[in-house]
Amino acid sequence: MEHPDGTVVVGEVAEREYVDISTPPIVSATGMAFVDLTLDVGRRVDGSIVILDEDEVERDRVRWSVPGPLVESARTSCSEVFAMMRAGDPPFDEKVPKQWLDVWTA
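Take the sequence shown: its letter number 68 is residue 68 in the UniProt record's numbering, and every next letter is one higher.
Think of the hints as simulated: they come from the structure by calculation, not from any bench. Hints are not guaranteed to be accurate.
[Claimed, not checked] Just the calculated beta-carbon pair ranges, DEER-fashion: (1) D46 / L101: 16 to 24 Å; (2) T105 / V62: 40 to 48 Å; (3) S22 / D93: 38 to 46 Å; (4) G47 / W104: 19 to 27 Å; (5) V50 / V96: 28 to 36 Å; (6) D60 / Y18: 14 to 22 Å; (7) A106 / P69: 25 to 33 Å; (8) T76 / R44: 19 to 27 Å.
C-beta atoms are modelled at their ideal positions from N, C-alpha and C, and glycine is treated no differently.
Please work from the sequences and hints to get the whole structure.
Below, the structure is given as structure tokens:
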């Protein structure tokens, strides 16, 4: 659920920013496809940054036969996004989210 201020509520926790780690999308004439790689990174309303669903990675790897190198790539991407959020690098600075929020609420 998304609120007018841009906050996204995931379950019971409000996430100010949320990144779903996935494969790059494949776009075709009939649509777009990608694979959710379970891991997510969120910045909560209180400013804390968390890695979500890390406890589900191994289960999903086995369930969906995800190749080990793809799991490692997802973990690397997750770490990179976490570091970017912590450093306040674009698009996780204060300027970019406000620009998007202004567009969405115009």
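Structure-based check of all given hints:
The supplied range of 16 to 24 Å is met by D46 and L101, whose beta-carbon atoms lie about 19 Å from each other. For the pair T105 and V62, the beta carbons lie near 42 Å from each other, so the given range of 40 to 48 Å is met. S22 and D93 have their C-beta atoms about 23 Å apart, which leaves the hinted 38 to 46 Å range violated. Separated by about 22 Å at the C-beta atoms, G47 and W104 satisfy the suggested range of 19 to 27 Å.
At about 20 Å, the beta-carbon gap between V50 and V96 misses the expected band of 28 to 36 Å. Taking the beta carbon of each, D60 and Y18 are about 18 Å apart, inside 14 to 22 Å as hinted. For A106 and P69, the Cβ-Cβ distance of about 43 Å falls outside the hinted range of 25 to 33 Å, so the restraint is violated. Between T76 and R44 the C-beta distance comes to about 23 Å, which sits within the given range of 19 to 27 Å.
Hint violations for this structure: numbers 3, 5, 7, all remaining hints satisfied.
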